[in-house]
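Novice: Take a look at the letters that make up each chain.
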Amino acid sequence: MSVSVQEADFDIGAEIDALLAGRTDVGAVATFTGLVRDINDGSGVHAMTLEHYPGMTESALEEIVAQARARWDILAVRVIHRVGTLQPADRIVLVIVAGSHRGEAFAACEFIMDYLKTRAPFWKREDTPEGSRWVDARDADDSAAQRWN
Amino acid sequence: MSVSVQEADFDIGAEIDALLAGRTDVGAVATFTGLVRDINDGSGVHAMTLEHYPGMTESALEEIVAQARARWDILAVRVIHRVGTLQPADRIVLVIVAGSHRGEAFAACEFIMDYLKTRAPFWKREDTPEGSRWVDARDADDSAAQRWN
Amino acid sequence: MNIKVLYFAALREALGTSGETVALPEGCTTLAGVRALIAARGGDWEKLERMKNLRAAINQRMAEPSATVADGDEVAFFPPVTGG
Amino acid sequence: MNIKVLYFAALREALGTSGETVALPEGCTTLAGVRALIAARGGDWEKLERMKNLRAAINQRMAEPSATVADGDEVAFFPPVTGG
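Protein sequences appear in the order of chains A, B, C and D. Straight run, no breaks: the first sequence in the working numbering ends on number 175. Straight run, no breaks: the second sequence in the working numbering ends on number 175. Straight run, no breaks: the third sequence in the working numbering ends on number 1474. Straight run, no breaks: the fourth sequence in the working numbering ends on number 1474.
Incorrect hints may appear among the rest.
[Said to hold, decoys possible] The calculated EDC-like cross-link candidates involving lysine to aspartate or glutamate, where the alpha carbons are at most 20 Å apart (straight line), are: (1) D/LYS1437 with B/ASP168; (2) D/LYS1437 with D/GLU1410; (3) D/LYS1394 with D/ASP1463; (4) D/LYS1437 with D/GLU1454; (5) D/LYS1442 with B/GLU84; (6) D/LYS1442 with D/GLU1403; (7) D/LYS1442 with B/GLU33; (8) C/LYS1394 with C/GLU1464; (9) C/LYS1437 with C/GLU1403; (10) D/LYS1394 with D/GLU1436; (11) C/LYS1442 with A/ASP168; (12) D/LYS1442 with D/GLU1416; (13) D/LYS1442 with B/ASP165; (14) D/LYS1394 with D/GLU1464; (15) C/LYS1394 with C/ASP1463; (16) C/LYS1442 with C/GLU1416; (17) C/LYS1437 with A/ASP162; (18) C/LYS1442 with A/ASP165; (19) D/LYS1442 with D/GLU1454; (20) C/LYS1437 with C/GLU1416; (21) C/LYS1442 with A/ASP162; (22) D/LYS1394 with D/ASP1461.
[As the list claims (entries may be wrong)] Which residues of chain B face chain A? A few of them, derived with a C-beta cut under 10 Å, are: (23) GLY39; (24) ASP43; (25) ALA56; (26) LEU61; (27) ARG63; (28) ALA115; (29) PHE132; (30) CYS135; (31) GLU136; (32) SER158; (33) VAL161; (34) ALA163; (35) ASP165; (36) ALA166; (37) ALA170.
Hints are computed from structural coordinates only; laboratory data are not their basis. No residue lacks a Cβ here, since even glycine has one placed at the ideal position from N, Cα and C.
Make a model of the complete structure from these sequences and hints.
Specialist: Here it is in structure tokens:
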């Protein structure tokens, strides 16, 4: 299964090993890991809760992966996104793309993250000293996604 | 130490953990791992030997990392390149870039790989059924490095 | 014609509910129509029209306001996504 | 004026040596000059001029043919790099 939405943490090294198991045709592996930062928009963040739309999250991620596979000649993809309550330094999301060469692996990995940020139904709420607040969507994320059009 | 040239294999997960230890300001980690493929330029590859220029390799890698840090607002970098004899599926190179946001982390990681491919003194020799041969430099690598000028 | 309507994140909190079954009157056949129908209840429901950049899905796929809604569909309204 | 000269990879194999100490004659003060001096020995040494896209370093930094070579320098010649 290439896509998982889960409360549990993930092990990046183990996920890469599992994706590459038995393969000798992979020359390039690009990964991205997103983490909870202790500062966002100038406020301290002591916890973050991720809400999602069960059912749609998985299919949205699978469609993004399918689009990446259609655009680039890549060999294997793994996406994991956590939900629930997380602390600073906790891992949120992992994207692994394996390919023959690095150009395709990098591009597909960045594409998947850009699309995930604007098309997968997850919402972050941060707990700060000023109270709890929903994170605003960033214009930079829309711009990042649009450059693939 | 941000740069290592070594015969030993590396553990990607452990390297990421070490780079991030104690930090809560990192929001994005991009990594690249290069592996030995069992096919290159149409021939089967059953082993690969990496020669290097001791002393210059480390300083060349450190200079590439310094250039990446000057160009992008990134927080931590780790580069490991193996030398000696490797088999298909073995890891060759690891680049990890940690930053606040993903755009800088992805760009710096890809930049370091592009520059490493054209400026760090490593040479690959492949053992194939037709004999042993030095790998030719790829024009695509020169083009990839030139887009950062 | 009945549809299921779901609300997420800041919209769910503002409305005080995560979802409901909505009976659509004759002629209410688009996502924009559903949104206007619910907002017309007034009070907090008006947030469905006032909330900036509200997004929507039909049967768990992102959909535009002009998209057609059919009996039994699952419609969802939510703010711009912020995962990753 | 003496310099250390190193050869790597396919060039090292072609020359049958990984390095040597070279005495530079008066007026031989650039990388291009060193390369021509060694290639002038003839035989396999001519590969130093014939090998496509040969690269060079002075004191472990990449250098252009016009770069100046000084007493005690470590000069290296090698094919285009292929790591990563």
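Novice: Next step is simple, just say for each hint if it's right about the structure.
Specialist: Taking the hints in turn, this is what the structure says about them:
1. D/LYS1437 with B/ASP168: Violated - the C-alpha atoms of B/ASP168 and D/LYS1437 are around 23 Å apart, more than 20 Å.
2. D/LYS1437 with D/GLU1410: Holds, at roughly 16 Å.
3. D/LYS1394 with D/ASP1463: holds (6 Å)
4. D/LYS1437 with D/GLU1454: holds (18 Å)
5. D/LYS1442 with B/GLU84: Measuring from Cα to Cα gives roughly 26 Å; hence the hint is violated.
6. D/LYS1442 with D/GLU1403: holds (15 Å)
7. D/LYS1442 with B/GLU33: violated (29 Å)
8. C/LYS1394 with C/GLU1464: holds (5 Å)
9. C/LYS1437 with C/GLU1403: With a Cα-Cα distance of about 11 Å, the restraint between C/LYS1437 and C/GLU1403 holds, given a limit of 20 Å.
10. D/LYS1394 with D/GLU1436: Holds, because 19 Å separates the two Cα atoms, which is no more than 20 Å.
11. C/LYS1442 with A/ASP168: Holds, at about 15 Å.
12. D/LYS1442 with D/GLU1416: violated (28 Å)
13. D/LYS1442 with B/ASP165: Holds, because 13 Å separates the two Cα atoms, which is no more than 20 Å.
14. D/LYS1394 with D/GLU1464: Holds: D/LYS1394 and D/GLU1464 sit about 5 Å apart, inside 20 Å.
15. C/LYS1394 with C/ASP1463: holds (6 Å)
16. C/LYS1442 with C/GLU1416: violated (28 Å)
17. C/LYS1437 with A/ASP162: Distance ~17 Å between C/LYS1437 and A/ASP162 Cα, so the pair holds.
18. C/LYS1442 with A/ASP165: holds (13 Å)
19. D/LYS1442 with D/GLU1454: holds (15 Å)
20. C/LYS1437 with C/GLU1416: Answer violated: C/LYS1437 to C/GLU1416 is near 24 Å, above 20 Å.
21. C/LYS1442 with A/ASP162: OK: C/LYS1442 and A/ASP162 at ~11 Å, within 20 Å.
22. D/LYS1394 with D/ASP1461: Holds - the C-alpha atoms of D/ASP1461 and D/LYS1394 are around 9 Å apart, at most 20 Å.
23. GLY39: Cβ of B/GLY39 sits 3 Å from chain A, so the hint holds.
24. ASP43: Because about 9 Å separates B/ASP43 from the closest Cβ in chain A, which is inside the 10 Å limit, the hint holds.
25. ALA56: Hint holds; B/ALA56 Cβ to chain A Cβ min 5 Å, cut 10 Å.
26. LEU61: holds (6 Å)
27. ARG63: Since the shortest Cβ distance to chain A is 4 Å, the answer is holds.
28. ALA115: holds (5 Å)
29. PHE132: With Cβ-Cβ at 5 Å, under 10 Å, it holds.
30. CYS135: Holds. Min distance 8 Å.
31. GLU136: holds (5 Å)
32. SER158: violated (19 Å)
33. VAL161: For B/VAL161, the interface hint is violated, since the closest Cβ of chain A sits about 12 Å away, which is over 10 Å.
34. ALA163: At about 14 Å, which exceeds the 10 Å cut-off, the nearest Cβ of chain A leaves the hint on B/ALA163 violated.
35. ASP165: violated (13 Å)
36. ALA166: holds (8 Å)
37. ALA170: Nearest chain A Cβ about 7 Å off; hint holds.
Hints 1, 5, 7, 12, 16, 20, 32, 33, 34 and 35 from the earlier list are contradicted by this structure; the remaining hints agree with it.
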